[in-house]
Amino acid sequence: MSPTAFERTTEQPPSLATPAEPAAQPVHTISILVRNKPGVLVRVALVFARRGYNIESLVVSADVADGEFSRMTITCSGDPETLEQIIKQVTKLVDVVHAIDHTGQAVIETEIALLKLKCSLSQRTEILQIAEHYRAKVVDYGSESLILRIYGASEKLDNVVALLRPFGIVELVRSGKILMARALETT
Amino acid sequence: MPQTGRIPTGGERLVQCLEREGVECVFGLQGGAVMPIFDALYDSKIRLIQVRHEQGATHMADGYARATGRPGVVLVTSGPGATNTVTGLLTALMDSVPIIVITGQTVSPMLGKDAFQEADVTGITYAVVKHSYLLKHVNDIPRVLKEAFYLATSGRPGPILIDVPKDISSAKCTAPFVDEVDLPGYHPAARLDAAALDRAAAALARSQRPVLYAGHGAVIANASRPLLKLAEKLQAPVVTTLLGKGAMPEDHPLHLGMFGMHGTAYANRAVADCDLIMSVGGRWDDRITGKLSEFCKDAIKIHIDIDPAEFNKIVRPDISLLGDARLALEDLLPLVRPCNSADWLKQCAAWRKQFPLRYAKKGGLRAQHVLDRLDKLGGRDCILTTDVGQHQMWAAQFCLTTKPHHWLSSGGAGTMGFGMPAAIGAQFGCPDKKVWAIVGDGGFQMTMAELATAAVHKLPIKVLIINNGFLGMIRQWQDLFYDQRFTAAALEGNPDFVKLAAAYGIKGWHIRRAGDVDRVLKAAMAYNDGPCLVDAEVVHQENVFPMIPAGASLREMLVERPRHKLEKPAGST
Numbered sequence: 001m002s003p004t005a006f007e008r009t010t011e012q013p014p015s016l017a018t019p020a021e022p023a024a025q026p027v028h029t030i031s032i033l034v035r036n037k038p039g040v041l042v043r044v045a046l047v048f049a050r051r052g053y054n055i056e057s058l059v060v061s062a063d064v065a066d067g068e069f070s071r072m073t074i075t076c077s078g079d080p081e082t083l084e085q086i087i088k089q090v091t092k093l094v095d096v097v098h099a100i101d102h103t104g105q106a107v108i109e110t111e112i113a114l115l116k117l118k119c120s121l122s123q124r125t126e127i128l129q130i131a132e133h134y135r136a137k138v139v140d141y142g143s144e145s146l147i148l149r150i151y152g153a154s155e156k157l158d159n160v161v162a163l164l165r166p167f168g169i170v171e172l173v174r175s176g177k178i179l180m181a182r183a184l185e186t187t
Numbered sequence: 001m002p003q004t005g006r007i008p009t010g011g012e013r014l015v016q017c018l019e020r021e022g023v024e025c026v027f028g029l030q031g032g033a034v035m036p037i038f039d040a041l042y043d044s045k046i047r048l049i050q051v052r053h054e055q056g057a058t059h060m061a062d063g064y065a066r067a068t069g070r071p072g073v074v075l076v077t078s079g080p081g082a083t084n085t086v087t088g089l090l091t092a093l094m095d096s097v098p099i100i101v102i103t104g105q106t107v108s109p110m111l112g113k114d115a116f117q118e119a120d121v122t123g124i125t126y127a128v129v130k131h132s133y134l135l136k137h138v139n140d141i142p143r144v145l146k147e148a149f150y151l152a153t154s155g156r157p158g159p160i161l162i163d164v165p166k167d168i169s170s171a172k173c174t175a176p177f178v179d180e181v182d183l184p185g186y187h188p189a190a191r192l193d194a195a196a197l198d199r200a201a202a203a204l205a206r207s208q209r210p211v212l213y214a215g216h217g218a219v220i221a222n223a224s225r226p227l228l229k230l231a232e233k234l235q236a237p238v239v240t241t242l243l244g245k246g247a248m249p250e251d252h253p254l255h256l257g258m259f260g261m262h263g264t265a266y267a268n269r270a271v272a273d274c275d276l277i278m279s280v281g282g283r284w285d286d287r288i289t290g291k292l293s294e295f296c297k298d299a300i301k302i303h304i305d306i307d308p309a310e311f312n313k314i315v316r317p318d319i320s321l322l323g324d325a326r327l328a329l330e331d332l333l334p335l336v337r338p339c340n341s342a343d344w345l346k347q348c349a350a351w352r353k354q355f356p357l358r359y360a361k362k363g364g365l366r367a368q369h370v371l372d373r374l375d376k377l378g379g380r381d382c383i384l385t386t387d388v389g390q391h392q393m394w395a396a397q398f399c400l401t402t403k404p405h406h407w408l409s410s411g412g413a414g415t416m417g418f419g420m421p422a423a424i425g426a427q428f429g430c431p432d433k434k435v436w437a438i439v440g441d442g443g444f445q446m447t448m449a450e451l452a453t454a455a456v457h458k459l460p461i462k463v464l465i466i467n468n469g470f471l472g473m474i475r476q477w478q479d480l481f482y483d484q485r486f487t488a489a490a491l492e493g494n495p496d497f498v499k500l501a502a503a504y505g506i507k508g509w510h511i512r513r514a515g516d517v518d519r520v521l522k523a524a525m526a527y528n529d530g531p532c533l534v535d536a537e538v539v540h541q542e543n544v545f546p547m548i549p550a551g552a553s554l555r556e557m558l559v560e561r562p563r564h565k566l567e568k569p570a571g572s573t
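Top line first, the protein sequences correspond to chains A and P. When we follow this note's numbering, the leftmost residue of the first sequence carries the number 1, and every step to the right adds one. When we follow this note's numbering, the leftmost residue of the second sequence carries the number 1, and every step to the right adds one.
The shape of chain P in the complex, shown without the other chains:
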């Protein structure tokens, strides 16, 4: 800390602001234009986590934020350092995650003059931030930092970018700290509409086949407790989106699991046949609605969301409740009474029995088997992160999430390479938890440089590679829809991941046979001397089912590989 009386530099003031916001750690990578801020961290109690690539830093901050509910902070340099954060910003924006990305910038007089490592970073990132700043005056630092943390974490959370020219981080800052924000265009706290709450309660009272659908908003708002109470009081089954996993204990009898494209068959049947569906912080994503004109055509739709722009975006709700998901459910609880849903629950239970999740036990090592065993061997109590693709869907299906903030996955953006750095961030935020990164061999190689970051800090994350030597979901689509023309799906040239881990001094195991699964997973679970890695070499021919082809209706769900050739899906991807 600077001595009393000494005027701090902009960089020092910025770091002091971070300290005042309670920031524990910053994920960063040095560079010329950001050196004054890194220099200020030298004297700070904030822990600096040096990464190997800026994208990794953003996913670490993201994983930290998802696991703890507190904003994650990234510090990178100008130009390529800053542009490397774009993927992480998109990932955070799509999934409403509060991260703050501070980028160095060339000196103010050189802005727009193609200076070395200059990029129009605010311009490049407009579309992937909740809000952003290009600092013009050193004395704006306290106000901008205060606003940034407030904006990132309030309302619908999201990423904030602050671009700091080097002359500003070097100049003397005389501005005092700021405790209040003045943002006349920003009104995140909506009061719940009592009339709409009454109408929602009345609609629930009339429903005989209700479904509660929890999205990421339910997790972000910490709405788990009132959601569970509401489901039990109503006797209504609950389904979640991929990111809603953990909003309600997945082993609860009223929980039907994830619905949507690769959701459980029973969850999708329930959604297809319900007479009322209530979204709690979900946004009716195309992964879950399938063909929109067929989606819950005759069901009453209630939509709870903190973002008014979500109403009527995809679905026109019969009743919209603007506000915080937890507060909305708490207000709704005393207004509702049990639904007449005994027959409906019986029907849902019958579907669960009729269409269980299953996989072949013979014919080589299956990803589902590995993930099923991880769940049974304690995975349920761990924080799980994933990449994107087949392994992600299998993990969502077989690894049950019983607590909020324990399932961290890139949903909206579908960012490969998210899993391992997100696990690092989550582990920094939750040192007492076991953290598993479940990744594919494709995604893992996009950010595996961060193995060094995990190794340096002896971070006990566990990396489970579901290694089928392919971009598995691409292979699956080519198999089902592209006449098995497997273009650019095989990952030729994959390294031996266990040897790779060893090169970083990281413990590793192979799993090649079903018989090895329990032994290795137990060993990895017990390993606490830094990071470890499990390379599960699974068969590559396996496809993820159930599956609703993109753009098809929920009723067109495939529970197994169809005999006939499939048309190319109408939906996007």
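Just chain A, same shape as in the assembly:
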């Protein structure tokens, strides 16, 4: 993974700049249940890095069992054969309980984003219209700036970002995608 793989900057990240176009490589979302041990993130990341696979977003959080396990939700893109190897090699790690590629599966997925806009009062009406349409909430109302909080499918977030970009987004922080398999399927 490139040093900037975890970053999404305001400067034209490719996946954000052209939300309508399909990605050159299919995007996969992988859910990994790991033991909450030091170094487990590095071990997982190294499996991707060694095979030149770019991690686009990564969320690590606690699992329902207190403290013993953690969840990783990774979105990445690349060729399916390499990904098959990566999932097998990740599964092989001693601290990984399971790794599941949810691509194409029925899942509930969501992501949250915070956007900071530098904007004059005259631009606000239009910004707030867009925000309202996408159910974004204004969480900070400054004299020269606004911070919007928005959640939903990653594609929806891509669209909002694209729409607001002309108004001057100065900072963007996205949580990365999280998901859960529907019904009683295992995530």
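Worth flagging that the hints you see were computed from the coordinates, not collected in a lab. Built from N, CA and C at the ideal position, the CB exists for glycine as well. Just so you know, not all the hints are guaranteed correct.
Footprint (simulated), chain A over chain P, 3 or more residues, beta carbon under 8 Å [claimed, not checked]:
id, region
1, 123-137
2, 184-192
3, 299-309
Based on the hints, put chain P in the right spot on chain A.
Chain P in isolation, oriented as in the chain A frame:
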């Protein structure tokens, strides 16, 4: 042993855990951060083998493990002591060898603060271990040691590293011994899929040109007996990889020898023309497949492996059998019946006759001649270790391996300097065997400091240096593919190896003429008063054939030096 009632230190508890795991010997080198553990060995019945360089310790543990099937243990200090084990860890990982490397570490409060001899050892070694631990609490020692031995030896074996800060090895350990492991992410024991076994048996029944291909997994799983039975029952020829040597007696009529880049021509022809190939614990390495798109294009591929990540990694098998190679073959045996392979075996025999392994008998001393004679003079009953390069390939070709765990060579990693320390480890593990280290003059000089280790213990290993004054395989590639521009191939400055041995009090002989070969090899074979060394000064112009240039298909095999100039190979090395 500590008195009853006295609370042991972490180091003492760790050594007690090693004793409980049945560890006979530890290969180690002292250092500041590991002193509490060495101190605990003072009172232990575990034999401490002091080495001269930590890399040597790892290869000794590796050779011990390959020869005995039991895990080898290494004990070294922090910082450079630990980083010197990285090559040995890679070597063990690539060839699935169970070794446990215990490294000292600076005291916990100084971690990450650039303390003296501090290195982020778990960080440095993530990519070369099966699993690793950085101990945080002294009372974790019994659990971690139990897990380490279980992980190293179960499933697909591999190296485990345990980094032990000095305050933890010095602190009092009150934790009891642990007998069970709780690893929810680790499930090495796979039950064989009965349906897949049936499909494999059905495919074998239809095959008229079958080939069984045995890799290191067949040796590790002790699958030799069922493999032999299966080959005989099916009437199927067997080929092995470099590390599969010994999985089936190489002098058996159904054995076609090693295949791949420098395998026998008849083994490669059989693989190229087969209608079914069944891998038993092999991983379709690039050294054996050559150009993948051409490899066994139309043959049914069956793959037996204990590691599910090996399926579809290189080759997409038609039938994959997940599980232990020995159990898989035992389950398969009653399901199969003889193949209709009489014509096929005849064809294989014809190829064997048409393309025998051969070498020039005139024009100076040849490595092949030395190794051929070693085989004939009893080498077949010895444990042989090698370094990496031309001598390794010639030894693989001419020194037949008839028993498992008798051919110890660095395959995946191709680690020069492996041979001599691996022989030391193997000799410690198998004191009743004769052990020969077949090494090149290049590789030998990388770890020759361990001559002292062998001399101190009067270990009767026999070091055979195939000395051509070159990095021979590099020279060969430059000769064939780089217009004979021999950059950095000649080993100018080589010492007189017999004098070097003498400096350690080690017996040595030169072989300079073909006429000396038998006399010296016999003398070395009979020598039992500590280590001995044979320096065979062979001609340097010789190349290893057959050869499949890297990335070429098996059909493009060269059985001798071609007249035309060769393109640079497409494959990696």
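Taking 8 Å as the Cβ threshold, is the statement that the region 184-192 of chain P is covered by chain A upheld or broken by the three-residue rule? holds (count 3)
Under 8 Å between beta-carbons, do enough residues of the region 123-137 of chain P, three at least, approach chain A for the coverage claim to hold? With 8 residues in contact (Cβ-Cβ under 8 Å with chain A), the coverage given for the region 123-137 of chain P holds.
Are there at least three residues in the region 299-309 of chain P whose beta carbon sits under 8 Å from a beta carbon of chain A? Result for this restraint: holds, n = 3.
Violated hints: none; the structure is consistent with every hint.
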